[in-house]
Amino acid sequence: MDEYPAKLNEIVEALSLISDQQERRDILIDYAERYKEVPPEIAMRPFSEENKVPFCESGVYVWTIRQAEGTLKFYFAVENPQGISARAMSAILDATLSGERPESIIKVNEDLVYKIFGQSLSMGKNMGLTGIVQRVIRDSRKFL
Amino acid sequence: MAEIKDRGYVNSDVLVSTDWVAEHLNDKDVRIIESNEDQLLYSTGHVLGAVHVDWTVDLNDPVRRDYLQREGFEKLMSRIGVTPEMTVIFYGDKNNWWACYAYWVFQLFGHKNAKVMDGGRIKWQNEKRELNKEIPRYSATEYKAPDRDDKKIRAFRDQVFEHVNNNLALVDVRSPEEYSGKRLHMPDYPNEGALRGGHIPRAKNIPWAKAVNLNDGTFKTAEELKTIYEKENNLKPDDNIIAYCRIGERSSHTWFVLKNLLGYKNVRNYDGSWTEWGNLVNVPIEK
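Quick note, the sequences are listed as chains A and B, same order. Counting the first sequence from 1 gives a position; this note's numbering is that position plus 231. Mapping to this note's numbering: the second sequence position 101 is 83, numbers consecutive.
Among the hints, a few may not be true.
[As the list claims (entries may be wrong)] Per label pair, the in silico range of CB-to-CB distance:
{"#": "1", "chain 1": "B", "residue 1": "Gly31", "chain 2": "A", "residue 2": "Arg297", "range": "45 to 53 Å"}
{"#": "2", "chain 1": "B", "residue 1": "Glu268", "chain 2": "A", "residue 2": "Arg297", "range": "40 to 48 Å"}
{"#": "3", "chain 1": "A", "residue 1": "Glu272", "chain 2": "B", "residue 2": "Pro118", "range": "42 to 50 Å"}
[Stated by the list, open to error] According to the in silico footprint, chain A covers these stretches of chain B (three or more CB under 8 Å from chain A):
{"#": "4", "segment": "35 to 44"}
{"#": "5", "segment": "226 to 232"}
No lab work stands behind these hints: they were computed from the structure. Every residue, glycine too, gets a C-beta built ideally from N, C-alpha and C.
Here chain A stands alone, though its shape is the one from the complex:
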C-alpha cells in the first residue's frame, strides 16, 4: 500500500473492496455532490491561467494556500458543468489532503486516479484527472 495520508488511505482502501462498478460510481457521485467551488475571498472569475490544470478538459483550477500551522489547504474550481469526475476528484483531494503537511502530500502518486476510479477510464479522462493530482503534488513541493 502506498504511504498516502491517512484520510486518503481510508478512501482508497474502502474503494478497493468494491467490485461492483455501479456502487463505485454512486460513491464517486456522492463525492462530486460535496464539491465546493473556490470561495471569492480566494479567487474570482476570470480565474488566472496560472491556476489552471493544463489539458484537463473539464477546466479545473487549483489554489494552494499555506496555513498558519504549516499545513496546506486546497481549493478547486471545475468549470465544466458536466465534469462530474473532476468534481469528485477535487472533493476527495480537498477532503483528504487539505490540512496535511506538504511532506505528506508529495507521497501521493499518479496511481491514485486508477485506485479511485477503477481501471476502465478513458485515456483522456485519466490524463485530465492525473493532471489534477499532479498539480496538487507540484504545488505542495513548493512549500517544502
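Dock chain B against the given chain A, drawing on the hints supplied.
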C-alpha cells in the same frame, strides 16, 4: 440556430433535435443511447429511458486493442433491447464526441438506423429538460449482426502509411499543442501514451471542436463547415481522407461531420491514431 433540415447538410437525417427526442421518449421503435467520456454522468441522471453504452466496457475487446466482434455486438444490442429495425439515437457529453464514436462503431456493424441528438447532453440540460436516474430494463432482443466491416470507414496503420506515400489527405483533429508535439514535452504533465510528438506528414490540423457551436453543442451549418474544411483547409468532397486523433474518438466526430453532414464519400477513421503512430519505429513524423 436554424432547424436541422435548413442547415444545408447533405444528409440531415443523421441528426435529430432535442425536441424530436422529447417527443419520442416512449416510442417503441426508438432506443436512446447515452455515451460519455465521463463515466459518472449517466448515473447522475439521463434522458428518460436512455440506456448507457460505455465505450471502454461495451465497445472494446477486453483483451486486444480492437473493437468488439460480431458476437459481442449482438450481445450488446440484445442487452440494450435493440433490434436491427429500431432507430438508435446517440447523445452524450463533450459536444457528442463520444456519441459520435459509438455511432461510428455501430456503423462497423452496419446498423443503418442511427442518428445523433444535435447538441447532446449539454443542450438537453441547458433546456432544463428532465434527467432521470432510473435505469431502464428492456426485454432482450434477438439481434443478428453481420461480421464487422472495417474496410469502408476504418483505416489501419499500413493503409495510413500508403496514404502518406500517395500524398492523400489526412486530418489531425487534435489540439495545436498535440499536433506540434509541444504537449508531449511539457514537464510535470500527464504522458500522452506516445514516445514521439508531432503529426503524420502533411496532415492538416483541424481540431474536432471547430465543427460545433460551443454555446449549445450543436453542429455548425453546412456553409460554416465548408468554410472550415474546404476554404480554410482545401479539402474537397471527392478527396480520399483519413482522420485521426489520439485513439480515434475525437476523429470519429470529424468523420461524422465529413461523411454525413458534408457528404464526403471516402472518409476513414484511423483509430490507432497517435498512440500507435507516435510509438511506431521508423515512420515519418513532422513537427
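The hints, checked one at a time:
1. Gly31(B) x Arg297(A): 45 to 53 Å: Between Gly31(B) and Arg297(A), where Cβ atoms are some 51 Å apart, the hint holds.
2. Glu268(B) x Arg297(A): 40 to 48 Å: holds, 45 Å
3. Glu272(A) x Pro118(B): 42 to 50 Å: holds, 45 Å
4. 35 to 44: Since three or more residues must qualify, the claim that chain A covers the segment 35 to 44 of chain B holds, with 4 doing so at under 8 Å.
5. 226 to 232: holds (count 3)
Every hint from the earlier list agrees with this structure, and none is contradicted.
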